[in-house]
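S.K.: Sequence order for the protein chains is A and B.
All the letters of the first sequence, read from the start, carry residue numbers 41 to 271 under the working numbering.
All the letters of the second sequence, read from the start, carry residue numbers 8 to 334 under the working numbering.
Source of the hints: derived by calculation from the structure; they are not laboratory data.
Source: prediction; values computed, not measured.
Glycine included, each C-beta is placed from N, C-alpha and C at the ideal position.
Where hints are given, some of them may not hold.
Said to hold, decoys possible - Cβ-Cβ distance ranges computed for the label pairs, FRET-style: (1) ILE116(B) x THR65(A): 52 to 58 angstroms; (2) ASP248(B) x ARG109(A): 45 to 51 angstroms; (3) ARG13(B) x PHE208(A): 34 to 40 angstroms; (4) VAL126(A) x ILE306(B): 48 to 54 angstroms; (5) GLU205(A) x VAL178(B): 54 to 60 angstroms; (6) PRO111(A) x MET295(B): 42 to 48 angstroms; (7) SER319(B) x HIS228(A): 40 to 46 angstroms; (8) GLY79(A) x LEU320(B): 32 to 38 angstroms; (9) ARG123(B) x THR50(A): 26 to 32 angstroms; (10) ALA300(B) x PHE208(A): 53 to 59 angstroms; (11) ASP248(B) x GLY79(A): 53 to 59 angstroms.
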Amino acid sequence: MEILRVENITKRFGRFVAVDNVSFTISKGETVAIIGPNGAGKTTLVNVITKKLEPDGGRVFFDGIDITRLPPQKISRLGLIRTFQVVNLFPVLKVRENLALAGLRAGTTGEVESVAEILGIKRYLDKRLVEVPLGVQKLVELGISLLLKPKMLILDEPVAGLGAEDRFNMVKVLLELKKSLNLIVIEHDMDVVFTLVDRIIVMDKGRIIADGKPENIRENKLVKEIYLGGE
Amino acid sequence: MYMLRRLRALIDGNIIALLLLIGLLGLISFTGHRFYMYIATLIMIFGIFAMGYNILFGYAGLLSFGHGLFFGVGAYSVALFTLNVYRDPLVGVLFSIPIALLTSIIVGILTLKHGRVYFAILTLALSMIFWSALIKLRWLTGGSDGLVGIPKRGVLVDLSAPTVFYYFTLVFFAAIMLGLYMLNKSRYGLLLRALGTNEDRLPFLGYSTFTLRMIALTISGVVSALAGALYAVFYSVVTPDVAYWTFGAEPLVMSLIGGSSYFLGPLVGAIIFVSLTTTVARFAEYWMLLLGAALIAMILFFRGGLLGFLESLAGRFKLGVYLRWRF
Ligand SMILES: Nc1ncnc2c1ncn2[C@@H]1O[C@H](COP(=O)(O)OP(=O)(O)OP(=O)(O)O)[C@@H](O)[C@H]1O
Ligand SMILES: [Mg+2]
């Protein structure tokens, strides 16, 4: 059963083609990583799928529905939830209020405390978001996403900028999460990727250059050359 | 325990200050002092106007130059209704609510879809059109002479005694302020603050920013119109001046003076603004100069307004915990 189908998505900035005729399908239950060097077009692809940006061509289907023309709030309500590469929340609001915004929308206000407990951020609930460390902010992003009851969750670099301990925490939470929902992570940290996913899509210069099981991707010559380079 | 927690969550510096102010305003009526009551009435009316304005400005982060339109709609609704339909100030004031609601929705549809800068310009443009219409539609609005003889004594209520009118205004003031306080504490208050903080994120939580902005504009428009309605009954006269854009900028100035990111900021600003304009009237010729200088000083040095200044003072003396005044 497929949950996400991306068909010939193209996104240009002026004459520069950031995403170039990209197609792929993700099945229910699959956990997928999208990797690729800086500027490959990973974030832009997610921006188009979730309608942060309008595509210049192509179509996107989520859970059987054509979402290409839907506004972001409708896509979110269908259960396709994303986070942002740079923490993108409500800095002057308290952590609790940030979470409550999601809770109010999805009718999960009652779960705010327990989600905070699971993520280990309960003691920060009454601090303003700007006052808590980056690792906690990233967990708040995740908490918001969870309270929205996603069918599919796309995380744009969930461990970027985190120290070893926060990184470990995040991976632990994600390993648990992937059991109950479709997870897509964009990530540069290969340890995290190989620990987490069943499938890797590799992008470079706006195109998909490889797509397969982690062990195959690790051996793929083209990928080694372009991306894994030094390793 | 739970009830106690709920109650504690509802109580903060704002509600205490608000209740004290309402009590104080009540006491002023006992002095029977005409001039104090006059100033207090204007403070209440402009306090309502500024607090309504700030729902849009301070909470939702939308700068409107057209709030004279809402104030004017309230004022002219009550005037036209009491003079032509049913001669009663209370019913007239209440009648302005649905009219303001309708106006807000129309204004919202025309202005809210185009980004913040265009919102500021479009609201300015709409209020200019409204102002021109008030002048040109002489048969309906009395043109630049306005409408006179708005009754204080009506079929249902008689507000002709100054103290009675004073209490009438105080009841509206208290109800609106407590309503706004509850709004601030409610889920809608949270959503409106989120809108002002990072509206681009909200669609990805499933919220329509247009809908949220519309809610903010509607609340703001209705509250501002109520201020206009009370103003019309107070003076028994309305002229197109109330819809002129400089008049509509006054609640902006009040919000800035008091501190637009504080719940009571606009009200504090209204108290200062009204006190100065009514008592220092002989400085009228310097008024614009003083106001301009004050605004520059606020923007350059005290961007948080008076309450922001007080908060930083309190912070210096480690009193911050006692002052939970931000919204
Ligand atoms: N809004 C924009 N306007 C113009 N160019 C853009 C815009 N957004 C992205 N780009 C360009 O498109 C290309 C792809 O960017 P994108 O952010 O999708 O890369 P990425 O794969 O996510 O990289 P990273 O790993 O660094 O996050 C880059 O060259 C970037 O400079
Ligand atoms: Mg990126």
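S.K.: Just tell me: holds or violated, for the beta carbon distance of ILE116(B) and THR65(A) against 52 to 58 angstroms?
M.R.: Given a distance of about 40 angstroms, which is not inside 52 to 58 angstroms, the answer is violated.
S.K.: Does the Cβ-Cβ separation between PRO111(A) and MET295(B) fall within 42 to 48 angstroms?
M.R.: At 45 angstroms between Cβs, range holds.
S.K.: Does the Cβ pair ASP248(B), GLY79(A) satisfy 53 to 59 angstroms?
M.R.: Cβ of ASP248(B) to Cβ of GLY79(A): about 58 angstroms, so the range 53 to 59 angstroms holds.
S.K.: Could you see if the CB distance from SER319(B) to HIS228(A) stays within 40 to 46 angstroms?
M.R.: At roughly 41 angstroms between Cβ atoms, HIS228(A) and SER319(B) fall inside 40 to 46 angstroms, so the hint holds.
S.K.: Hint says 54 to 60 angstroms; check whether the CB-CB distance for GLU205(A) and VAL178(B) agrees.
M.R.: holds, 58 angstroms
S.K.: Does the hinted range 32 to 38 angstroms hold for GLY79(A) and LEU320(B) at CB?
M.R.: 49 angstroms Cβ-Cβ, so the 32 to 38 angstroms window is violated.
S.K.: Can the suggested window of 26 to 32 angstroms be confirmed for the beta-carbon pair ARG123(B) and THR50(A)?
M.R.: holds, 31 angstroms
S.K.: Are ASP248(B) and ARG109(A) spaced within 45 to 51 angstroms by their CB atoms?
M.R.: Holds - the Cβ-Cβ distance for ASP248(B) and ARG109(A), about 48 angstroms, lies within 45 to 51 angstroms.
S.K.: Quick check: does the Cβ-Cβ distance between ALA300(B) and PHE208(A) fall within 53 to 59 angstroms?
M.R.: About 57 angstroms separates the Cβ atoms of ALA300(B) and PHE208(A), which means 53 to 59 angstroms holds.
S.K.: When you take the CB atoms of VAL126(A) and ILE306(B), is the distance between them in 48 to 54 angstroms?
M.R.: violated, 29 angstroms
S.K.: Range hint 34 to 40 angstroms: satisfied by the CB atoms of ARG13(B) and PHE208(A)?
M.R.: holds, 38 angstroms
Hint check: violations occur at hints 1, 4, 8; the rest are consistent with the structure.
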